[in-house]
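Undergrad: Those sequence lines, one after another, are chains Z and P. Sequential numbering of the first sequence, starting at 124, is according to this note's numbering. Sequential numbering of the second sequence, starting at 69, is according to this note's numbering.
A hint or two may mislead.
Unchecked claim - With a Cα cut of at most 16 Å, we get these calculated EDC-like pairs of lysine to aspartate or glutamate:
1) Z:K189 with P:E79
2) Z:K129 with P:E166
3) Z:K227 with Z:E204
4) Z:K189 with P:E126
5) Z:K129 with P:D121
6) Z:K227 with Z:D243
7) Z:K189 with P:E93
8) Z:K227 with P:D121
9) Z:K145 with Z:D166
10) Z:K145 with P:E166
Said to hold, decoys possible - Only some residues are given here: those of chain P computed to face chain Z with a beta carbon under 7 Å:
11) A75
12) V115
13) M179
Think of the hints as simulated: they come from the structure by calculation, not from any bench. This one's a predicted model, so the numbers in the text were calculated from it and none came from an experiment. Where a beta carbon is used, it is the ideal one built from N, C-alpha and C, also for glycine.
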Amino acid sequence: MALVAKPTLVVTIDYIDSTGSKGQSVTHLPAATTMAAAIVKVDATVALLLASTDCAIVGYSIATGKLETSTPAPTLGSRVEGRATLTFRTAAAKTAHFGFPAPKGALTAATGGLVSTQADLAALITDLLGGYCDSNGSDLTALIADELIFNRTSIRQRTTDTSPAT
Amino acid sequence: MATRLPAASIEIIWQDGSGSRGISECHRHSSQDVAAVNAAATSLCSVLLNVSDAAIVEYITKWRFYISDARPTSGTTKNYGATLIFATATTDEYAMVEVLGVPTSYIVDGMIDIANADIAAIGANIIASGYCNPFGSVATTLIAAVPTFTP
């Protein structure tokens with residue numbers, strides 16, 4: 124695994140016109156720019172753009188990330204359609220989901236649930252409970268369910284074994 | 069001016085044995101800096117590789133901001149725009165910034181007038197702020213601005 128940082132922060136500015144149509148313009152900042160500095164720069168740019176556009180600017184995003192430069196071959200027969208889904212309780216007493224595709228066979232119980240005590244899966248759950256949150260910024264506090272779901276799994280077909288204790 | 073959403077998203081992009089791709093999404097507090105979120109994401113990827121038969125090809129970390137009082141001018145369309153073209157610090161590499169919804173009054177002789185005060189101010193800001201092209205070459209000089217129309 125060799126995840127390599129992208130060379131820039133991608134700044135995407137979101138516009139809306141009087142018909143309700145949305146548009147975006149994209150620009151870049153050097154990757155070494157801190158988030159605090161980027162926000163100051165983009166706020167200043169947005170203020171100037173507003174003088175030149177009749178559209179409204181409704182927001183922007185700043186994105187970066189890493190690319191795998193030597194992707195290992197996925198296991199033959201692995202499919203992204205099958206997802207291990209973990210359901211967490213948040214500090215605000217809501218639920219948040221995290222899923223990953225093609226779980227290894229050792230993680231799957233005969234009942235269709237996941238074996239959350241399996242060492243690798245337990246390590247993942249510990250990692251997610253150590254600083255991750257939901258989209259509202261509420262911390263994940265406890266795993267309350269886990270199951271294996273395929274893209275076309277109906278509600279009736281879903282396993283009843285979602286207890287994280289198995 | 070803009071309000072930061074409370075969580076930064078991490079999108080992890082997977083590839084399976086058939087070449088199909090899928091995404092996992094999770095969040096960190098948006099108050100964390102780029103380096104901290106990227107470090108967490110890299111760590112998460114290494115843990116995820118132990119539990120999945122698919123391969124991770126990329127992850128994207130994103131902070132979102134919204135402006136709640138934004139109102140477009142009546143009768144405007146985003147389809148008229150201006151593409152500002154900058155020389156960069158690297159020879160034969162350029163950087164472009166597109167502005168949507170630009171009034172046609174900025175067009176002079178078929179081009180956007182880069183001497184116009186508003187356009188010149190944007191150009192100066194892009195250069196002074198250190199914006200760059202996708203390869204990281206920093207914009208140095210506004211050399212032209214082209215009107216664009218999306219039918």
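Undergrad: State for each hint whether it applies.
TA: Hint-by-hint comparison with the structure:
1. Z:K189 with P:E79: Distance ~11 Å between Z:K189 and P:E79 Cα, so the pair holds.
2. Z:K129 with P:E166: violated (22 Å)
3. Z:K227 with Z:E204: holds (13 Å)
4. Z:K189 with P:E126: holds (6 Å)
5. Z:K129 with P:D121: violated (25 Å)
6. Z:K227 with Z:D243: holds (10 Å)
7. Z:K189 with P:E93: Satisfied, since the Cα-Cα distance of roughly 15 Å is no more than 16 Å.
8. Z:K227 with P:D121: Distance of about 6 Å is within 16 Å: holds.
9. Z:K145 with Z:D166: violated (19 Å)
10. Z:K145 with P:E166: Satisfied, since the Cα-Cα distance of roughly 14 Å is no more than 16 Å.
11. A75: At about 5 Å, which falls below the 7 Å cut-off, the nearest Cβ of chain Z leaves the hint on P:A75 intact, so it holds.
12. V115: At 5 Å from the nearest chain Z Cβ, P:V115 passes the 7 Å test, so the hint holds.
13. M179: violated (15 Å)
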